[in-house]
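Enquirer: Generate the whole structure from the sequences, applying the supplied hints.
Now for the letters of each chain:
Protein chains: 2
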Amino acid sequence: MSEVMRMSKLYAPTLKEDPADAEIASHKLMLRAGMIRKTASGVYTFLPLGYKVLSKVENIVREEMDKIGAQEIMMPALQPAELWHESGRWDDYGPELMRLVDRHDHGFCLGPTHEELITSLIRNELRSYKELPCTLYQIQVKFRDEIRPRLGLFRSREFIMKDAYSFHATQESLQETYDDMSRAYGTICDRCGLDYRPVEADGGQIGGKVTTEFMALAPAGEAELVHCTCGYAANTEAGECLARPTEYEATELKKIHTPGVRTIEELAEFLGIPESSTVKALSGKDAEGKLVVMFVPGDHELNEIKAERAVPGFELLTDEEMESFGLHKGSMGPVGLPEGARIVAARSLKGISHWVVGANEDDYHYVGAEEGRDFTVDEWADLCVVKPGDCCPDCGLPLSGSRGIEVSQVFQLGTRYSETMGATFHDEDGVEHPFIMGCYGVGVSRTVAAIVEQHNDENGIQWPFNVAPAHVCIIPLTVGDDEVQPAAEKLASEIADFGFDVVIDDRKERAGVKFADADLIGWPLQVVIGKRGLAEGNVEVKLRRTGQKKDVSLSTIAELLRFAKRNARKHPSGLGTFAGIFE
Amino acid sequence: MSEVMRMSKLYAPTLKEDPADAEIASHKLMLRAGMIRKTASGVYTFLPLGYKVLSKVENIVREEMDKIGAQEIMMPALQPAELWHESGRWDDYGPELMRLVDRHDHGFCLGPTHEELITSLIRNELRSYKELPCTLYQIQVKFRDEIRPRLGLFRSREFIMKDAYSFHATQESLQETYDDMSRAYGTICDRCGLDYRPVEADGGQIGGKVTTEFMALAPAGEAELVHCTCGYAANTEAGECLARPTEYEATELKKIHTPGVRTIEELAEFLGIPESSTVKALSGKDAEGKLVVMFVPGDHELNEIKAERAVPGFELLTDEEMESFGLHKGSMGPVGLPEGARIVAARSLKGISHWVVGANEDDYHYVGAEEGRDFTVDEWADLCVVKPGDCCPDCGLPLSGSRGIEVSQVFQLGTRYSETMGATFHDEDGVEHPFIMGCYGVGVSRTVAAIVEQHNDENGIQWPFNVAPAHVCIIPLTVGDDEVQPAAEKLASEIADFGFDVVIDDRKERAGVKFADADLIGWPLQVVIGKRGLAEGNVEVKLRRTGQKKDVSLSTIAELLRFAKRNARKHPSGLGTFAGIFE
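Protein chains in written order, with the working numbering: chain A, 12 to 594; chain B, 12 to 594.
What the hints contain is simulated information worked out from the structure, not anything from laboratory work.
There may be inaccurate statements among the hints.
Heads up, the list lumps identical chains together, so a pair's fine if it works in one copy or across two of them.
As the list claims (entries may be wrong) - The list that follows gives simulated cross-link-like pairs (lysine-lysine, DSSO-like), each with its CA atoms no further than 27 Å apart:
hint: 1; residue 1: K296; residue 2: K220
hint: 2; residue 1: K576; residue 2: K141
hint: 3; residue 1: K67; residue 2: K78
hint: 4; residue 1: K361; residue 2: K340
hint: 5; residue 1: K398; residue 2: K361
hint: 6; residue 1: K27; residue 2: K560
hint: 7; residue 1: K519; residue 2: K141
hint: 8; residue 1: K20; residue 2: K39
hint: 9; residue 1: K20; residue 2: K141
hint: 10; residue 1: K27; residue 2: K141
hint: 11; residue 1: K39; residue 2: K27
hint: 12; residue 1: K542; residue 2: K560
hint: 13; residue 1: K78; residue 2: K519
hint: 14; residue 1: K361; residue 2: K266
hint: 15; residue 1: K39; residue 2: K296
hint: 16; residue 1: K265; residue 2: K560
hint: 17; residue 1: K20; residue 2: K78
hint: 18; residue 1: K67; residue 2: K301
Expert: Listed below in structure tokens is the structure:
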């Protein structure tokens, strides 16, 4: 039997007004519904209802981890500085790492992630290829000193994560676990009712090369991503850019007087052509200080990570450096560049045979500049930030754009930590090798907020069945009434007996207050019991998600719910569970 | 169906030798059984088996909290310094409080306890007497910078606690919750298989007045306690001392030359009497600097907390101060003290009509000093550290002594925090009052270690059923064998289907290694499947706790276990579950 909660005993201080400092739906609604409270900037307490949701999400994560053979452990939050010195991250990680010293002046940090700790944990104890692969995980509090904590649970300084680490003898074995994890992460999102995309991403500070982010789509998300109906999706920072440049008619190289034109916008306007028909130049220097000029479609931005990948050490020039190289800011082009300048161009520009581009002379531009005839590109590369409308790299169709919340991420770490920290195993022949490692994170508290972002309306939250703090809220309209109150109590325990989590709003409050709170908190189904309906043997059920209402016989309601649950359309989050009642 | 674990996949690095720096059984055995590993001094990682036990204990705690209507929440580990300044504990708590500053130079501490945080959480939101009582709890990581972390999980710097806080309008309501909590704590100990005593204790830094500690009896415990067959128990620091002084025959006041005698030991030896027939004097001063001399039975120690309670501000004199008061160290007594000296005597001394005591003159003592005739006691008080053999304050029988591990504690806080931090509610008449508060802690990781202290032998751990990482370990003697291996697998899933947690030792290891590991890890029941037995349709079962072995038919073993479980003697920890098989 599931529990029956009582609103009269529940600590869930709901708020009528939106809190002043909450910008996004999840933050506002979780505060208003009495699920979380702010303790300090970026530091939150989970109140009983919020904690129930958090636990349900944790359990979903736990079940999916256990299914793929990952083993749960618990590492400490306090991590000795020495381990981070070993990996080199003590200095690299920056001010987001919260640091402290103990009473004996030993340095510690509060773990934002646990690569160092787990590597030190298994080294010297996990020794043989026979024990591999091995995947360990924990669900635990993490710390990151965000410079400007905001967006409620999305950018907080103390948060709950599931982090897993895997150890392998071969790349194939890593790939297998990586694929298992990726599938598990998809299932976790599905079970939590999230509309998500697995996207190509960048490794960032963790240091992985192959990595996928799981993005819950939501306007409040901080990440920009592109995706395609074919299934392709990528973070705009990381995805391949296949821009669609447009051709301008001129095919002859012709220098045009463009007085006062300095920017792409001005150039396009001056010529009356789209920005995508122009070519933008960006001057920089390589690691040795030599001049490199990069060319990208006029309507696209250079991606610095890609630029660095194409030209290691690449740095944009300052105005002074440009002058010293003899460059003309605002009219750079591939024709007539200083001797020795290396030209790197975005691959998409191959699609334009004749460029509209600067003439390396103030107030002049070229049209019809042809690669091979008028200038030579030294190297073609993927250089731009991808954007909606670009070609899908998988199928060529135009990409859509969305904002996304990164709820989880999988990384192939390789030997980044095992090598620096000397964690090795013996292969069949007794030869020592560093472990090949993977790491895998789920933002558990962040997932809770992402669910709210996707499941709410103007009245409050609409929890998917699987993660709802309770499934059914029973609202007796007259508490203490001789008939209504006992009927409500009896129904509550009947429904609970069928395995539902039930809450009964037994507070001595007006009906309007109870309805408003039920909508705000977001119980999937409300069952209203009033004197009049009861006289006819009826109760009213309301589906929170659609607002649909229906009168149902009190004697059959519990059985009906059980039936509905058993025959629900099999949405993995239980979304459709109660829909059948209204059909 | 419960899970079937596989030793071949399990990360449980067992050790053959005792680790060098582990002093006590729980620390040694949990390291050796591959359940915990040290990350830093006083900072531990729970490996998969240790984590399973920890989770089972957590769930027992959670169930008992939910049963008495406490609501689970999760507060942050990071606590703003301001809150601790409000309560006054930022300065009082000392170096055990781990402190840090964030990147904006705001002070934080890592919570060792959460009175400040919860008080600030509910103030301004819990407002009406109608919402009271309200009890909130969390199971969470805590931090305390022990000066010398030791004894494994007993004195660690990062540990898991359940802490609960209750808010009340009246003392009666607090008492009710306090009693509920005390009963729940007893049940938790019972369900974890702990032999424990609820003992009178001292509030310490939390600041409670009425408080009880739950002590698991174990020689490794740091606390000393006394207890009686009548049920009475107390921490020796806190319990009432009813010493049994013995009378010496002299009834006439007589000054005796005692050359060189300075200590009680020397005095007793000189006179050939027990120390309990002598009276010890301790000189000090009160808050105003006036001389106070305390008298206690010669075989007992002064308890400083009690001394302070009898004489606020009481401080023992230094040798210099004694001289300036004209006192003679080593021969102080009530007869002939300096003018104005206040005499405070242990109540137990009322039982001695004539004292053997110092004569306020070097090398001289009195025998036969009679209160009322030769001197006057200004005040009788409870002054001593109680010790085994003293009279039980409840029934008078001699107390037994034990060492104990404090696994949990309940406190009546009163208005200590609500008053300093301004947390108030409105009563029926709209009048504001500070909340009356209680707080209640269970050392969850400490409980795990306490269980091991009480349940082990020279071969390893003997987990009680309820908290065992798995209930049954199936040991196929020949892994990969055509008959043995499938029979083991089949049995494992049969037993698991009956709701047992099962592990199968499918490693390609010698039988001896498997037996040793099974004993070390401490699964309650081992089922050994070998080729020879199997030919006769038999397996061997071994009860870890007693070492009893028995051959049982393979076809009936699973059913037998189910039967045994159903008919087990109802020890709340499930201790007797498998015993029936061997009867």
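Enquirer: At most 27 Å between CA atoms: does that hold for K20 and K78 within a copy, between copies, both, or neither?
Expert: between (37 Å within a copy, 13 Å between copies)
Enquirer: Check K20 against K39 for me: Cα-Cα at most 27 Å, and say if that holds within a copy, between copies, both or neither.
Expert: within (24 Å within a copy, 45 Å between copies)
Enquirer: Given a CA cutoff of 27 Å, do K27 and K141 count as a within-copy pair, a between-copy pair, both, or neither?
Expert: between (60 Å within a copy, 20 Å between copies)
Enquirer: When no copy is specified for K39 and K296, does a C-alpha distance of 27 Å or less occur within a copy, between copies, both, or neither?
Expert: Neither, since 47 Å and 60 Å both go past 27 Å.
Enquirer: For K296 and K220, with the copy left unspecified, which applies at a CA distance of at most 27 Å: within, between, both, or neither?
Expert: For K296 and K220, the Cα distance is within 27 Å only inside one copy (25 Å; across copies 72 Å).
Enquirer: Could you place K39 and K27 in one of the four classes (within, between, both, neither) given a Cα distance threshold of 27 Å?
Expert: Within. Shortest intra-copy distance 11 Å satisfies the 27 Å Cα cut-off; inter-copy 56 Å does not.
Enquirer: At 27 Å max between alpha carbons, let me know whether K20 reaches K141 within a copy, between copies, both or neither.
Expert: For K20 and K141, only the inter-copy Cα distance (10 Å) is at most 27 Å; the intra-copy one is 54 Å.
Enquirer: Quick one: K398 to K361, C-alpha cut-off 27 Å, is that within a copy, between copies, both, or neither?
Expert: within (18 Å within a copy, 92 Å between copies)
Enquirer: For K576 vs K141, is the C-alpha pair at or below 27 Å within one copy, between two copies, both, or neither?
Expert: neither (45 Å within a copy, 37 Å between copies)
Enquirer: How would you classify K542 and K560 at a CA-CA limit of 27 Å: within, between, both, or neither?
Expert: Only inside one copy: K542 and K560 sit 18 Å apart there, 66 Å across copies, limit 27 Å.
Enquirer: Evaluate K265 and K560 at a C-alpha cut-off of 27 Å and name the case that applies: within, between, both or neither.
Expert: So K265 and K560 fail the 27 Å test inside a copy (71 Å) and across (99 Å) alike.
Enquirer: Can you tell me if K361 and K340 fall within 27 Å by alpha carbon in one copy, between copies, both or neither?
Expert: Answer is within; shortest intra-copy Cα gap is 24 Å, inter-copy 101 Å.
In this structure, the earlier hints numbered 2, 15, 16 and 18 are contradicted, and the remaining ones agree with it.
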